[in-house]
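Peer 1: Sequence:
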Amino acid sequence: MDQLNDRSVVEQQYATATNLQTRISIHDKYSTNKMGFGNWIFSNYKIDPGMRVLELGCGTGDMWKNKEDLIRLCSRLILSDFSKAMIAAAKSNIGEHENVEYKAIDIQEISYKNETFDVVIANMMLYHVPDLAKGLAEVRRVLKKGGFFYCATYGEHGMVEYLSKILSVPENDTNKNFTLQNGSEILHKTFSNVQKLEYTDSLSVTNIDDMIEYLYSLSSMTSITGIPKQAIKDILIAHSANGILNVPKEYGMFIAS
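Throughout, the numbering used here is defined as the position within the sequence shown, counted from one, plus 3.
Hint data in this document are derived by calculation from the structure and do not stem from the laboratory. Misleading hints may appear alongside valid ones.
List of simulated lysine-lysine pairs, DSBU-like, C-alpha gap at most 30 Å [what the hints assert, rightly or not]: (1) K147 <-> K87; (2) K70 <-> K252; (3) K87 <-> K32; (4) K70 <-> K37.
Make a model of the complete structure from these sequences and hints.
Peer 2: Listed below in structure tokens is the structure:
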């Protein structure tokens, strides 16, 4: 089993919000597309008044911050994660709302009746699921007829591949269980209609120390632990131009029904 969808490894990665917050922070500070990935994802949601919405793997809930208008549209919004630490962080970030419930849920065993939700969301997490076919079957089961499933993911030729190449280190157990390249084929096994949308973006990093902190937050880059931090910094600086390290990104999402 790949390290990134080994449940014990994933639980360790998300036992606290620290690593996730580090990864969110570098995108917030250095992304060249100022719309923001989260805002772009939300711009593609179709949530009408009175809809019941389930988000799986909500993480810290950052993407729902300042989205009160959208929250109010939902008759019920379930923000869930398998990590209790993430649920606590999400509740702290978003706060109490009459129509919002925070809940621990495993996508492989969703504790709701058939056809409960108009919308199901699972962003940047499907590649972690040990039995993805089972998880997607559960999503399909709880989704109403005519409902939509939204799931964002990364591509196979983005940040980690680029950084591994310039640092001359292998990616540890590269997780390609659900990517922009294979996601459509995987989703078509469960859903009739699948649309892929791609987000254009990159990083322009001006503080190399932030990039080093990001690298150490990745379970797929643990091979760098044997390299002195100063050596990593020197390599990253050598690949910078005019004090800026440009890093390609490959992200997008699927809409399935």
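Peer 1: Would you pick out the hints that fail for this structure and give their numbers low to high?
Peer 2: No numbers; nothing is violated.
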